[in-house]
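Visitor: One-letter residues, chain by chain:
Protein chains: 2
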Amino acid sequence: MASPACAAGGDARSSDALSIITDLTTDVGQRLGGTEREAAARDWAVARLKELGFANVRSEPFPITGWVRGEEKAAITAPVPQKLAVTALGYSGATPPQGVNGELVYFPTLDALKLAPDGSLRGKIAFVDHAMKAAQDGGGYGPFGEARRQGPTIAAAKGASALLIRSIGTDHTRSPHTGVTRIPPQGEPLPSGAVSSPDADLIARLAAKDKPLTASVTLTPRFTGQVMSGNVIAELPGRDPKLAPILVACHLDSWDLGQGAIDDASGCGIITAAALEASKSGQLARTIRVLWAGTEEMGGFGGQAYAKAHGAEPHAVVMESDTGADRVFRFLFRMAPQDKPLAERIGAELAKMGIYTGDGAPEGGEDVGYIAEKQKLAVIDLNQDMIRYFDWHHTPDDTLDKIDPAQLQQNVDAWAAVLKILGSYTGTINPAG
Amino acid sequence: MASPACAAGGDARSSDALSIITDLTTDVGQRLGGTEREAAARDWAVARLKELGFANVRSEPFPITGWVRGEEKAAITAPVPQKLAVTALGYSGATPPQGVNGELVYFPTLDALKLAPDGSLRGKIAFVDHAMKAAQDGGGYGPFGEARRQGPTIAAAKGASALLIRSIGTDHTRSPHTGVTRIPPQGEPLPSGAVSSPDADLIARLAAKDKPLTASVTLTPRFTGQVMSGNVIAELPGRDPKLAPILVACHLDSWDLGQGAIDDASGCGIITAAALEASKSGQLARTIRVLWAGTEEMGGFGGQAYAKAHGAEPHAVVMESDTGADRVFRFLFRMAPQDKPLAERIGAELAKMGIYTGDGAPEGGEDVGYIAEKQKLAVIDLNQDMIRYFDWHHTPDDTLDKIDPAQLQQNVDAWAAVLKILGSYTGTINPAG
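From first to last, the protein sequence lines stand for chains A and B.
Take 93 as the starting number for the first sequence in the working numbering and just add one per residue.
Take 93 as the starting number for the second sequence in the working numbering and just add one per residue.
FYI, nobody ran anything at the bench for these hints, they're computed from the structure.
These figures come from a predicted structure and were not determined experimentally.
Glycine residues also receive a C-beta, built at the ideal position from the N, C-alpha and C atoms.
A few of these clues could be false.
To be verified - Computed spacing ranges between beta-carbons, pair by pair:
{"#": "1", "chain 1": "A", "residue 1": "315", "chain 2": "B", "residue 2": "201", "range": "42 to 50 Å"}
{"#": "2", "chain 1": "B", "residue 1": "303", "chain 2": "A", "residue 2": "498", "range": "51 to 59 Å"}
{"#": "3", "chain 1": "A", "residue 1": "143", "chain 2": "B", "residue 2": "171", "range": "15 to 23 Å"}
{"#": "4", "chain 1": "A", "residue 1": "497", "chain 2": "B", "residue 2": "468", "range": "48 to 56 Å"}
{"#": "5", "chain 1": "B", "residue 1": "303", "chain 2": "A", "residue 2": "465", "range": "41 to 49 Å"}
{"#": "6", "chain 1": "A", "residue 1": "139", "chain 2": "B", "residue 2": "212", "range": "30 to 38 Å"}
Extracted from the complex, chain A is given alone in its bound form (with noise of 0.2 Å):
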C-alpha cells in the first residue's frame, strides 16, 4: 500500500492534531454519548480516517442507556438570595419541574456525609465540599472524584431529596464540572448536580455563618432508555500480518457543555496524526490500529464494547491519550519481564526529548482497559502534564482556545517515536501477566 501520509497527499494540513482537533470541536462540536451529536461525529470520523489513509475503517454500533440534560438551576434562598452555577452530573435523576428546597446541610467531606445517620437528612439537600488541588499527573482526580461518583447513593441513603457537590476540579470559575455517577442498582437515582468553585465557596462561607441556610435546586434531566453509541476503528496495515497489532485509543464523544476539545478530541488527534507519522517514511512491520472510542464518559462502554466484540483477536500492546493536550513529562510501561530491553529502547528515545521512565504502574484508561485486563496485554503510558487539565475537565470551558500548539505538538512527537519503535519491532510483544 502507499504509505498513508501520501496517500493524505493532497491535504496534508488534514492529518495533523491540531488540524483533527479543530474540525471536530468546529464542525461538530459537543457529542453527548448516544444522542444524534455522537452519530454525526461518527460519521465525521470514518470520513476523516478514510480521507488520512487509513484502512478498514468502520463504525461498530452497540447500546447504552441514553441519558440528557434538562433545566438547571439552583439558589441559595436564605439566609440571603444568591444565585448558584449548577449542573447535572451524569445520569442524575429529575427533581419535580419545580424543583426541591430545603435545609442545605454542608459536608466538608464525602467522609462527612458517610458519617451522618440514616434518614437524618430527609428533605433536606446535602452539600460535599473537598480540597482537590492541581497536580502534574492528576492524581487527585481518583480519590476527590468519589464525592461524585459515590456521592449520590451515599445522599439517597442519608433520605436527601438532592445531592450539590463542589465541582471536582481545580479552577475558580463559575463554569460547574459534570461527569459521571454510579447509577445505584435499584430505585431512582437521586438529583445531583455539581456548582462551580466559587459558589462553593459561597456555601462554605454561609455555612460557617449558624444561621439558618435553605436552598433550590431544579434539574430535570431524563433518561432516554437504550440508544446507539458506537466505536470507530481504523488501521495502518503493518507488512507482516502475523505480528500482532498496537492499539492506539481515544473517546470520539465528549460531555455536552463544551465542545470535547481537551476530552477528548486532541486525544484523537494526537494518536492519529502520530500513527501517521510514525508510518510517514515507510509502511510499519506492524499494524497500528486506532480506537476512536464511543460513550467513554457515561461509564467507559465503547472500551467494553471493544474487548466484547474484540477479546478473541491479537493484540500486542496498548496505548491510550485522554488526558488533554498538554506536554508529556513520563513514561510508564506494565511489559513482561523478556520485554523489558524493548522497554528500555523506547525509554532512551524518550528522554532525548526530556520524557523520563517512571516506576509506578501505567494506567491504561477505560478505553483500552477492559481489553488490557482480559487479555493481560502490554500497556504504555504517556503521561501528560495535567496541571491545568483539571481546570476545564467536563466543563462548558472545554473549548478549542485551550489547546497548545506547542505542547500538542511535543505530545504527536512522543507518540509518533514511541509508536515507530513499536511498529517496527519484529520480534514477539509478551502479555504483561
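Here the structure of chain A is known, so what remains is to put chain B in place on it, guided by the hints.
Guide: Just chain B now, kept in the frame of chain A:
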C-alpha cells in the same frame, strides 16, 4: 471625637478591606442598580459604615430607568448546531419570546459594521468581533468597548434584528461579559448580547468557511420604568471644618451576573479601610468624605446625582477606586500649579512603595467625574494593575476568590498614605482648572 478606628474598636476585623469585600459579596451578593438587592446593599452599607465609626452616614436616593435580565440563549443553527454562551447587554431590547433566527453576518470590527449599507442587515443578526488584549492600565477598554456601547445603535440603523458581540474582555472562558449600551434617543433598543470569547472564536471559524451561517437568539430583558437607586455617603470629620473635604469614591452597585467583588466591592473596601487607616493615629485636619455610589454600571447615575446634590459644597480633591483589587503601580494627578509641591510630597511617599509618578492625565472615574468637572477639582488617580481585571469584569466570574489579599493590602496602604498627607495638609488645595 474618638478616632474612628478606636470607635470601631471591638470589631477591628470588620474594618479591613477584605472583610468589607467578603461580607458585601457574601451577605448581599449581586446588587444591580435600581433593584431590591441594591437597596439591601445600601442598608448593609449604612449599618457597616456606622459600625466602623463614620459620621453623617446617610443614603441619598435618586431615580433611574430600571432594567432586569430575562431569558438568555443563543445558538448556531447552521452549518452545525452549537450552543453559544450569551448574556444581554445592559439596556438591551428584547427579542420576541420565541427569539429571532436568521443569517449571522460576521464583522471583524465595529468599523466594518459601520461600513455596511443602511438596511443591508434586514432580518439578519450582526456579529461584531474585536481583538482586545490585556494591558496593565486597561487601556483597551475604551476603544474596544465601543463595539458594546455604540454597536446596538449602529446595527439597528443597518436593519439588523439583533446584535451579538465578542465579549469586551480578555479571558478565555465561557463567561460572557455584560455592560451598558447607549439607549437610542428614540425607538426600541435593539436586542443585543455578548457571547464568550471561545464562542466568538467558533463564530469566526465558521464564518471563514463560506457556508451559510445562521443563528438563533433569545433575549428577553425588560425595562422596569422609573425605580429608585441611591448613594451612600459617610464622613470622618476633620478637626478644621473650614478645610474643604477630600472626596473618595467607589460604587456600591454591581452587575447582576457575579458577586461584584472586583467591581466594585473592592473599591469600597479599599477607600474605606484606607480612610480609617489614615486616621488611626489621630483625627485628621481635613474631613474625608466617602461616597459609595449607586448605579454606576448603568450610566454613572450615582456620580451625576452626587454632583447635583452636592455641587454647591466645597471639595478639595477627588479620588476613586474602581478597577479591581490588584496592586497600585502608578500615581497620576491633575492639580493647580501652586499645589505641585503637595503632589510631589505624595509622589515621594508613594515612591517608597514602588509606585511611580506618571505624566499622563488622571481619569478620575464615573463616580467623581461629574463633580470634578463641575467644580474643576484637583484629581488624583492611584492606577491599579488591570492585567487580570478584564478577565472577570462584568461576568459571573466576578467573585470573592479573585481578590488577592496581598495586593489588596498594598492598595490600602497606598491609599492610606495619600489620604494621610492630604488629610493633614492645612493649606488650600486649589481647583485644578
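Visitor: Look at each hint and say if it fits the structure.
Guide: These are the hints, each one checked on the structure:
1. 315/A <-> 201/B: 42 to 50 Å: With Cβ atoms ~47 Å apart, the hint holds.
2. 303/B <-> 498/A: 51 to 59 Å: 30 Å Cβ-Cβ, so the 51 to 59 Å window is violated.
3. 143/A <-> 171/B: 15 to 23 Å: holds, 18 Å
4. 497/A <-> 468/B: 48 to 56 Å: For residue 468/B against residue 497/A, whose Cβ atoms are near 54 Å apart, the range 48 to 56 Å holds.
5. 303/B <-> 465/A: 41 to 49 Å: At roughly 45 Å between Cβ atoms, residue 465/A and residue 303/B fall inside 41 to 49 Å, so the hint holds.
6. 139/A <-> 212/B: 30 to 38 Å: holds, 36 Å
Hint compliance for this structure: hint 2 alone is broken.
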